[in-house]
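Enquirer: Throw the hints in and build the complete structure from the sequences for me.
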Amino acid sequence: MTRDGGAFGPLFALLEGMGRGVFHVFLPVSCPVCGALGYELCPGCAVGLLTNGGSVLLDLGGSWLPVHHGGLHRGTLRDVIHRLKYKGLSSLGVPLGEALGEVFGPMGRGLVPVPLHVGSRRGYNQSELIARGISSVWGVPVADYLRWRVRVGNQVSSGDRVLPRGAMEWTGPPMDGLVLVDDVLTSGATLRAAVEALKAGSCGTEGALVLSLAKSFGGSGV
Numbered sequence: 001m002t003r004d005g006g007a008f009g010p011l012f013a014l015l016e017g018m019g020r021g022v023f024h025v026f027l028p029v030s031c032p033v034c035g036a037l038g039y040e041l042c043p044g045c046a047v048g049l050l051t052n053g054g055s056v057l058l059d060l061g062g063s064w065l066p067v068h069h070g071g072l073h074r075g076t077l078r079d080v081i082h083r084l085k086y087k088g089l090s091s092l093g094v095p096l097g098e099a100l101g102e103v104f105g106p107m108g109r110g111l112v113p114v115p116l117h118v119g120s121r122r123g124y125n126q127s128e129l130i131a132r133g134i135s136s137v138w139g140v141p142v143a144d145y146l147r148w149r150v151r152v153g154n155q156v157s158s159g160d161r162v163l164p165r166g167a168m169e170w171t172g173p174p175m176d177g178l179v180l181v182d183d184v185l186t187s188g189a190t191l192r193a194a195v196e197a198l199k200a201g202s203c204g205t206e207g208a209l210v211l212s213l214a215k216s217f218g219g220s221g222v
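Using the numbering used here, read the sequence shown as starting at 1 and increasing by one per residue.
Note that these hints are calculated values from the structure, not bench results.
These figures come from a predicted structure and were not determined experimentally.
Virtual Cβ for every residue (Gly too), placed ideally from N, Cα, C.
Among the hints, erroneous ones may be present.
Unchecked claim - So the derived label-pair ranges between C-beta atoms look like this: (1) P173 x T76: 35 to 41 Å; (2) P106 x K215: 25 to 31 Å; (3) P174 x S30: 42 to 48 Å.
Unchecked claim - With a Cα cut of at most 30 Å, we get these calculated BS3-like pairs of lysine-lysine: (4) K85 x K199; (5) K87 x K215; (6) K215 x K199.
Expert: As structure tokens, this is what we get:
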């Protein structure tokens, strides 16, 4: 007997709801979209956050990188990303990645998360968690071989910065068809540095996926 079938279906649903209610008493969390108790983000709501996505072109200086995003960096989507990045809610990363994988079809041969900044106190890389969520939907492996070689500031507070050449390095084997994964596309400086590192490591980049697109981005729409 499955939990959703037969005469016991309503009972299972009741017990599940009671369980979430008890969990909420000790660890008060609720879905920021629908308010359901016991969920940091409902599975259905995760996909609903990414209904206004699209694609833009990032100028690489002689070529263009297609970047697919789940929506503009504002409202509830922005709040959820801030919970993931700044409130320690690492559990949001994988379901957001799964939702991004549902919105955009499979592409590439490997998912490359943008690395965590040197000296970060976060303790986890949100881009890696997003990539692992995408991987679980697409069946495309995560290739976590990018590393920062320099210390840089916060991208949100320095959206117009230009990173020095060689800011990142690729520590893995040569690979083709790689797709970069990040949380927010702001100026594009980080993705440009990543593409440069992949090229130096004899790798080919097919595109990039991000959860949201900042209004300050000055690229072109696809």
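Enquirer: All hints, please: hold or fail.
Expert: Hint-by-hint comparison with the structure:
no.	hint	in the structure
1	P173 x T76: 35 to 41 Å	40 Å, holds
2	P106 x K215: 25 to 31 Å	29 Å, holds
3	P174 x S30: 42 to 48 Å	46 Å, holds
4	K85 x K199	28 Å, holds
5	K87 x K215	23 Å, holds
6	K215 x K199	28 Å, holds
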